[in-house]
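There are 6 protein chains.
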Amino acid sequence: MRLLVVNVNTTESMTRSIGAQAVAAAAPGTEIVPLTPAFGAESVEGNYESHLAAIAVMEAVRSHPGPFDAVIQAGYGEHGREGLQELLDVPVVDITEAAASTAQFLGRSYSVVTTLDRAVPLIEDRLALAGLSARCASVRASGLAVLDLERDPSAAVEAIVAEAVAAVEVDRAEVICLGCGGMAGLTERVVARTGVPVVDGVAAAVTIAESLVRLGLRTSKVRTFAPPRPKRFTAWPPGAAAVVGAG
Amino acid sequence: MRLLVVNVNTTESMTRSIGAQAVAAAAPGTEIVPLTPAFGAESVEGNYESHLAAIAVMEAVRSHPGPFDAVIQAGYGEHGREGLQELLDVPVVDITEAAASTAQFLGRSYSVVTTLDRAVPLIEDRLALAGLSARCASVRASGLAVLDLERDPSAAVEAIVAEAVAAVEVDRAEVICLGCGGMAGLTERVVARTGVPVVDGVAAAVTIAESLVRLGLRTSKVRTFAPPRPKRFTAWPPGAAAVVGAG
Amino acid sequence: MRLLVVNVNTTESMTRSIGAQAVAAAAPGTEIVPLTPAFGAESVEGNYESHLAAIAVMEAVRSHPGPFDAVIQAGYGEHGREGLQELLDVPVVDITEAAASTAQFLGRSYSVVTTLDRAVPLIEDRLALAGLSARCASVRASGLAVLDLERDPSAAVEAIVAEAVAAVEVDRAEVICLGCGGMAGLTERVVARTGVPVVDGVAAAVTIAESLVRLGLRTSKVRTFAPPRPKRFTAWPPGAAAVVGAG
Amino acid sequence: MRLLVVNVNTTESMTRSIGAQAVAAAAPGTEIVPLTPAFGAESVEGNYESHLAAIAVMEAVRSHPGPFDAVIQAGYGEHGREGLQELLDVPVVDITEAAASTAQFLGRSYSVVTTLDRAVPLIEDRLALAGLSARCASVRASGLAVLDLERDPSAAVEAIVAEAVAAVEVDRAEVICLGCGGMAGLTERVVARTGVPVVDGVAAAVTIAESLVRLGLRTSKVRTFAPPRPKRFTAWPPGAAAVVGAG
Amino acid sequence: MRLLVVNVNTTESMTRSIGAQAVAAAAPGTEIVPLTPAFGAESVEGNYESHLAAIAVMEAVRSHPGPFDAVIQAGYGEHGREGLQELLDVPVVDITEAAASTAQFLGRSYSVVTTLDRAVPLIEDRLALAGLSARCASVRASGLAVLDLERDPSAAVEAIVAEAVAAVEVDRAEVICLGCGGMAGLTERVVARTGVPVVDGVAAAVTIAESLVRLGLRTSKVRTFAPPRPKRFTAWPPGAAAVVGAG
Amino acid sequence: MRLLVVNVNTTESMTRSIGAQAVAAAAPGTEIVPLTPAFGAESVEGNYESHLAAIAVMEAVRSHPGPFDAVIQAGYGEHGREGLQELLDVPVVDITEAAASTAQFLGRSYSVVTTLDRAVPLIEDRLALAGLSARCASVRASGLAVLDLERDPSAAVEAIVAEAVAAVEVDRAEVICLGCGGMAGLTERVVARTGVPVVDGVAAAVTIAESLVRLGLRTSKVRTFAPPRPKRFTAWPPGAAAVVGAG
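Chains as they are written, first to last, in numbering that gives the first Met the number 0: chain A, 0 to 246; chain B, 0 to 246; chain C, 0 to 246; chain D, 0 to 246; chain E, 0 to 246; chain F, 0 to 246.
Isolated chain A (complex conformation) (with noise of 0.2 Å):
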């Protein structure tokens, strides 16, 4: 079996970060196939930059030669899932879902910790729209950038493991989800200082990717997700003039 996974930013050294993390959660057989986006920004941390990584995943994963059989989004609370679930029929995983999804089945309520403030609306968005807010205790954010924890992990360590206690304790959440595609080495630390389980999202997006295709399920084609009707394009996708759809 072989997974795209696809970084929502265009900076190399997390996409390998994030497809280590992919790799030591997967299965034996299970090839991981890390993906950057031609275009976008260095992290996305806004709507801004998340609507232009929409379409930037979209594009990286159409122009991969296949064949695959499911596809993460790899990135924390952004756009863009909806589409790239009607351009294919594998399944599409989005690590916010898969995190919260999977904390559900450990503890009765689950708090997101994510980078900035302003990360904190769009992921109470997508877990709104998804239908997983109803257990959701609390998302908050430690303050660093996306960044901040590329370059230097211990440093943010505190910060977010500080959020992650209030979570517990004041919140009253039963598990963490830490929700920042590169936090993903911090989980150790949280579960020591909190005392309860903490979910990577990747890790969780690659085993419920898995379990999907082992169990031979595919994206509903029936209304929301139907192929994009086949129509004429303008200037896109960039340099060529193409009709895309179920034609």
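By construction, these hints were calculated from the structure, which means they are not laboratory data.
Wrong hints could be hidden among the right ones.
What the hints assert, rightly or not - Label-pair distances were calculated between CB atoms; the ranges are: (1) D:154 x C:61: 33 to 43 Å; (2) A:157 x E:61: 53 to 63 Å; (3) A:168 x B:226: 32 to 42 Å; (4) D:65 x A:194: 27 to 37 Å; (5) B:157 x F:150: 44 to 54 Å; (6) C:168 x A:168: 13 to 23 Å.
Using N, Cα and C, we set each Cβ at its ideal position, and we do this for glycine too.
Using the hints provided, position chains B, C, D, E and F relative to the given structure of chain A.
Leaving out everything else, chains B, C, D, E and F in the frame of chain A:
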């Protein structure tokens, strides 16, 4: 006062039609500037095209020399309003939200009648995120594609009226929102057949944008819609390597 | 265009103040007609007085010789808008709803800052029934009575600003609605201290009423706001036995 | 123990009928005092009349010499209960809420069958504000006016039974609440035809009021239902200028 | 009228205490029959013990020779009420629901103060399933175990009062429900310290059960609580192989 | 890895069938251990039997000598998962929740098709408590009893397919969950007739349990699912007086 009214697809005739609706609703002294995105689909009828339109609308607005006092995103149930709000200080009004918000002053519940069934989930999601779904009785689809409306508006009337009547009689809607930029010409006929007020999103958005401008109100910048952080972009916008954000 | 702006209490000076706010927000060519109810309390700060105001406002409007194009009910969190909508064909705009509806175009969430703590439940209930509470971050009370604002506005500023700041910092509001007809003069100071947009309900209601009138929209009469059925009344209105309704 | 049972309209025969229902449900030793408002409509079938009834019921109770131990507001889906709770220390029981609250002990979901379609939104709003709508399967209207029930009860049975049967079979209600003061006589026939328990609001309210009194429970006065503040009234109550409130 | 009042644990002294509370609340002519389950835990403080109590309570009631007119399940936030409703035609009243339902007639919102923190989720779940959580301001825990209350009631007062005060001042509760069968003796002290009405679940349940019986109301049998279907049981009840159900 | 798969009824043939489904879904190296409770009903079709099954499943797991890595509770819409989570550190997966959680990755909404109408409320309650109902389009019943499926599976197909088709066409479900342990053999036929993905709860639960084990995740023990407190039990488990809990 000058309002940008941005079409979400690349069909110029539809931009002109939307512009004419906006002009008809505008107060004396309001200048309407219709814009067509430089890239994207000829009609937007699903998530893939809508995600693409989101970023195309942002680029169209960013490349406009200005000045302008507010922006209207003239697509029904589309992605992207949040990104525009980050990029701009002036108000951004989405026609889906403008229509619903206006309808709520006229009756206890409203329904949206749109084109294809696959547009229904997009509209429902937009209303939910905008906090406008509590009084939404239903979102119904006529089964007509966006360009069908443009090509033969008179043939589209019956299908749309039938859904509007069902919304009033079955779903107990007290107001109808016509859920497609191209439906504006049908307003009177739907009023005549249903006996309830009918709200056109473009017209509603124009008066709301005018009101916000006249009251001196601008998008809140404290959190969700703070300007993008300065950062490096790869291959974006098409043909340039750029750093954007509050630098 | 002529708009009736109806105070909910019997204090004439407050009617004049509300009228002045409305005039300041009105477009050229809009005539503002301030009205004071013929009976009721000098200030409305609870359910008993608000229920009385509901019917006093209706009688004030019914006894106005007309014509007029829309009615604004200028009390925050009061009962009675639904009854007015039954009695009239022209639009009725409640300032609580106008402020919230306007705020939603400016930020992801809004808070209301009002006078006494006992007003909070009334405002919450009105927003809930109006379908406008999903994005309401909080309703906060300054502890000041309505007439305190009128008697000494400068002394009221600090208490109100303190709650507005808490709404932004603690409750994560991105927009503030000033929840009392008498607070309009404080708008600039709250903006200066919080850094977020501040919406005055009377001003918002004026622009919404103007918009509805200009678009030719009127209250839906198919169900909830159908005219009262013709029937016999005892000792009402005061001094007369009347039959009202669509006869 | 003495309970005031206040009709919301001015039709004396309906007050007597409500009083008889209350007597039939009362425990030995409970005295039922039926009251008719001094002003208002002969029947209450919409917001205008209901807003008027709200204040008429309050005046009827305020002008009663007392003593009494609790008050029952005997109108279905009417405004005003909150104002009564401010004016009184003794419990106030609304029959809409009493019926729903009782029904919830008997089945997983309940429906209300009322008179005119225009009463449905009022009942829905009352249940929503009272926190009793989560298990409400539907509110259905028979199409009959309030006074039709009084004039010819046997003719009303079929229409009401038909809606009750639909509530059970289509909406999956497990209990029926008869949503009009005048429907009490129909209880047995609806039970016979639907096979589910049928709750009469007046009877339910009597037993709830008795229970609250016997347990020594009174309305909470800490916030929402604190006594009105002392203040000046203009031309109210009719014929007097008064200062009311906790002076 | 004879009411079974069933303790959920096997501590006889607690059964006697619950029985005494029930007798104190009962009307003249009501006979209270306290029951202790034949198996289970000495106190119920979590899901495992509560699941066991559910079936133990059912066996206790099934093995009672009868007749009886209603059953009260006297545990706070416990599983099992639905099963009892299937087994019986007479009303079943859960004290958690009885307290909440009663509190809603006294104030706009209520809080529950219970024993251990781990009981909070059980109570929240029960209120949610019962449709009684919309007006629940909070469920707070004093940190005391069930048997602590029995062993040293006076020592428990301070912890409970402190939570009740916080519920009123921080969570804006207007009524307090004492969320444990053993807390009944504390009612007066909590009233004295908070100034709000305090509802004891056992007392509330007794008056509700009496009311339902007097009104001739019984559990709806059309769907959710239809009698168990006849079928074969293995090794149940302990010591017997039985066929139960509507045979 | 070894997974206990526990049937909720005492019918051995059904345990074998569930075990076979689990084996078919399991990864290489996963050992499936099917368990049948020592007491309870031959089929579970209502609250009484489900409450009994809850405690029977717990006893079956407690008396298993182990070791095992996770437990699957293989009944649809049953009570008891929370108790199992208290008793164990290893993950517990309920098939109702596993199916819904999996379905949400495949389409925007899902429906459950179950056996008897009386099972619908149990499934709805389980989904609500699990925070999985926001995207549930409907729970529909085929009218067939659990054992009908086992006795004559082919005869059951038509009734189940008809409900699945209605779920897709009327309720707009995009994925179907087969809501009974005995329905697994029907998956392919429902796929063929509806054109949407069909999720079998046992298979989904196996892959989720495997994923949780492989990721090293265990049930959170901080609050809701903390181990039972040590205490005295009367006559439980059958034949023994025991003290359980974290002693």
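We went through each hint and held it up to the structure:
1. The hinted range of 33 to 43 Å is satisfied by residue 154 of chain D and residue 61 of chain C, whose Cβ atoms lie roughly 35 Å apart.
2. Checking the proposed 53 to 63 Å range against residue 157 of chain A and residue 61 of chain E shows it holds: the Cβ atoms sit about 58 Å from each other.
3. In this structure the hint that residue 168 of chain A and residue 226 of chain B lie 32 to 42 Å apart at CB holds, the actual value being about 34 Å.
4. For the pair residue 65 of chain D and residue 194 of chain A, the beta carbons lie near 60 Å from each other, so the given range of 27 to 37 Å is not met.
5. Separated by about 51 Å at the C-beta atoms, residue 157 of chain B and residue 150 of chain F satisfy the suggested range of 44 to 54 Å.
6. Range check, residue 168 of chain C to residue 168 of chain A: about 21 Å between beta-carbon atoms, so the 13 to 23 Å window is met.
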